[in-house]
Amino acid sequence: KNTHCEFAGEILKTPVSRDMLGRIFNGSGKPIDGGPPVVPEAYLDISGQPINPQCRTYPQEMVQTGISTIDVMNSIARGQKIPLFSAAGLPHNDVAAQIARQVSRSRTGCTPRHSLY
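Under this note's numbering, the first residue of the sequence shown is numbered 377, with each subsequent residue one higher.
What the hints contain is simulated information worked out from the structure, not anything from laboratory work. Just so we're clear, the structure is a prediction, and the values are computed from it rather than from any experiment. A virtual CB, placed ideally from N, CA and C, is assigned to each residue, including glycine. Treat the hints loosely; a few may be bogus.
So the derived label-pair ranges between C-beta atoms look like this [stated by the list, open to error]:
#1 Ile427 x Val392: 13 to 21 angstroms
#2 Asp395 x Cys431: 47 to 55 angstroms
#3 Glu386 x Ile408: 24 to 32 angstroms
#4 Ser462 x Glu437: 24 to 32 angstroms
#5 Pro459 x Gly398: 29 to 37 angstroms
#6 Ser404 x Glu437: 39 to 47 angstroms
#7 Ser423 x Gly398: 23 to 31 angstroms
#8 Gln478 x Glu417: 44 to 52 angstroms
#9 Ile408 x Cys431: 30 to 38 angstroms
Construct the complete structure from the given sequences, taking the supplied hints into account.
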């Protein structure tokens with residue numbers, strides 16, 4: 377109930393330094409590895425820079441998962457992150473394993489068993 381909130385008028389920033397490389401920090405950015413405190417060289421916005429969709433590279437290599445609903449309704453490009461949502465008891469691990477197997481097969485240059493020509 378007795379909560380106090382104070383607005384600083386600017387975006388939250390985090391200190392950064394080359395001394396941070398290889399160190400372990402908590403969620404607040406404080407070192408928890410027993411090393412010395414980090415002296416910041418700069419402060420960066422925690423929100424980062426917005427991504428311009430026109431500057432992104434267009435996906436060139438599509439992945440065939442072998443699962444028709446994914447291949448048709450939600451095509452996947454190589455290197456893309458894939459969220460898998462599943463209800464309790466459904467085989468989400470099996471689906472992820474099948475996608476991984478199919479991607480590894482297509483990456484080794486295997487050709488399909490049946491050809492139209």
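Each hint, compared with the structure:
With their beta carbons about 20 angstroms apart, isoleucine 427 and valine 392 fall inside the hinted range of 13 to 21 angstroms. Under the hint 47 to 55 angstroms, the C-beta atoms of aspartate 395 and cysteine 431, about 31 angstroms apart, miss the expected range. As the Cβ distance of glutamate 386 to isoleucine 408 is approximately 27 angstroms, the hint placing it in 24 to 32 angstroms holds. Remark: the range hint 24 to 32 angstroms for serine 462 to glutamate 437 is upheld by a beta-carbon distance near 26 angstroms.
Against the hinted window of 29 to 37 angstroms, the Cβ-Cβ separation of proline 459 and glycine 398 comes to about 31 angstroms, which satisfies the hint. Distance hint check: the CB atoms of serine 404 and glutamate 437 are about 40 angstroms apart, consistent with the given range 39 to 47 angstroms. The hinted range of 23 to 31 angstroms is satisfied by serine 423 and glycine 398, whose Cβ atoms lie roughly 25 angstroms apart. In this structure the supplied range 44 to 52 angstroms holds for glutamine 478 paired with glutamate 417, their Cβ-Cβ distance being about 45 angstroms.
Take isoleucine 408 and cysteine 431: their Cβ atoms lie about 36 angstroms apart, and the range 30 to 38 angstroms holds.
The earlier numbered hint that this structure contradicts is number 2, and it is the only one.
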